[in-house]
Amino acid sequence: MNAPLANPGRDFGQQFEFSIGCVPLCLEMSDLRLYGAALARYAAFTSAAEKPIHIALNNAAPPERALPDFAYEFEGAALRAFSSDIRFDGVRNQYALDSLVRVFLSWKLLEHQGFLLHAATVMQGEKAYIFTGRSGAGKSTVASLSPAGSVLTDEISLLRREEGGWRAYGTPFWGEFKAAGSNSSAPVAGIFRLLQATENRVELLRPMTILRTLLPNVLFFSADAEANRRLLEILSRAATEIKGYNLSFSKNAAFWEVLPA
Amino acid sequence: MNTPAAMTWQKNPELAWREIDDQTVIISPNDSVMHELNDTGSFLWKNIDGIKSVGELAELLVENYEVTPHVALSDTQALLEEMSSRKLVATVAETGVVLP
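First to last, the sequence lines map onto chains C and X. My numbering applies: residue 1 is where the first sequence begins, and numbers increase by one. My numbering applies: residue 1 is where the second sequence begins, and numbers increase by one.
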């Protein structure tokens with residue numbers, strides 16, 4: 001793994017390069033406190049790609065240009081994505097930075113046939129098992145019952161369609177584990193909708209039910225009609241191509257025994 | 001209130017939709033609401049084009065489903081009004097143009 005990059009920037013003091021789901025990003029900033037926060041938050045995801053997407057962080061230079069392709073505001077922090085550059089402004093702490101990175105990724109992944117999903121991802125036998133559901137459904141419990149080092153994320157999973165198949169990536173966006181995340185990936189074995197139950201059991205789902213499961217758990221923040229059409233196309237494809245199951249889950253490690261290989 | 005048989009409807013252009021398993025999923029991006037249409041609803045949805053009238057849509061139902069003209073017209077009117085209440089469709093008279 002490469003060491004974190006700290007280079008003199010153009011008009012910025014520091015640059016920090018990292019990659020999530022094979023989407024290379026470069027934060028450019030002059031705020032050393034934010035640089036330290038980014039370094040700590042994304043340490044496991046550092047990279048040195050040839051052409052990362054540059055993000056100007058809290059650059060005071062006023063933009064005088066056309067409307068952004070995508071914009072989003074969160075508690076005073078603003079993301080604006082122009083065709084030529086990306087800007088995060090009003091970012092005061094690592095939480096705001098993390099939120100804007102997630103929002104940006106959710107939009108950028110459309111170009112890569114990918115999406116972010118409220119789900120835990122666990123690797124088993126070189127395949128990725130995706131466990132999704134609302135808060136409290138058991139995502140973190142699944143993660144806590146899985147072997148050490150096998151959990152790619154316990155909160156937000158990243159799925160991409162690559163070379164005719166679907167691959168799940170670890171993310172730095174974790175929930176109760178509050179860990180650094182795992183920067184690795186694996187082919188997707190299946191998507192499992194967690195249902196609390198007294199016994200462990202799986203039931204194969206139809207594509208429409210899988211889509212119905214995915215939609216409320218996808219992270220997406222654009223109200224643009226065309227962007228939503230692209231997202232729905234990607235999700236429909238995922239629902240058709242990835243096997244999905246209801247996983248009746250009694251919150252014990254024996255659930256692995258009922259999962260399909 | 002029944003929508004007149006001669007009236008023409010069109011889809012809300014702001015929506016995203018896909019058909020899967022003979023059902024249609026519609027997303028309204030502005031409020032992140034998901035709508036689902038069953039087999040018959042999906043059939044009508046595909047044929048709502050800003051050109052065909054309510055009566056013509058009902059005729060298509062008769063041709064493709066085992067249903068009488070009277071029931072087809074009644075079902076078509078009810079479905080369009082339901083879609084309209086959810087802002088999935090609007091009459092051409094309301095928008096003044098046939099949207100692409």
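Among these hints, one or two may not hold up.
[What the hints assert, rightly or not] Here are the simulated lysine to any residue pairs, SDA-like style, with alpha carbons at most 20 Å apart: (1) C:Lys108 to C:Asp85; (2) X:Lys11 to C:Lys108; (3) C:Lys243 to X:Glu19; (4) X:Lys46 to C:Lys108; (5) X:Lys46 to C:Glu226; (6) C:Lys108 to X:Ala16; (7) X:Lys87 to C:Lys108; (8) X:Lys46 to C:Ser236.
[Said to hold, decoys possible] From the structure, some residues in chain X lie toward chain C, with a derived Cβ separation under 8 Å: (9) Ala16; (10) Ile20; (11) Asp21; (12) Ile27; (13) Lys87.
Because the hints were derived from the structure by calculation, they are not lab data. For glycine and all other residues, C-beta sits at the position ideal for the given N, C-alpha and C.
Okay, the hints, checked on the actual structure:
| no. | hint | verdict |
| --- | --- | --- |
| 1 | C:Lys108 to C:Asp85 | holds, 13 Å |
| 2 | X:Lys11 to C:Lys108 | violated, 28 Å |
| 3 | C:Lys243 to X:Glu19 | holds, 18 Å |
| 4 | X:Lys46 to C:Lys108 | violated, 30 Å |
| 5 | X:Lys46 to C:Glu226 | holds, 18 Å |
| 6 | C:Lys108 to X:Ala16 | holds, 18 Å |
| 7 | X:Lys87 to C:Lys108 | violated, 29 Å |
| 8 | X:Lys46 to C:Ser236 | holds, 17 Å |
| 9 | Ala16 | holds, 4 Å |
| 10 | Ile20 | holds, 5 Å |
| 11 | Asp21 | holds, 4 Å |
| 12 | Ile27 | holds, 5 Å |
| 13 | Lys87 | violated, 13 Å |
When the structure is compared with the earlier hints, violations turn up for hints 2, 4, 7 and 13 and for no others.
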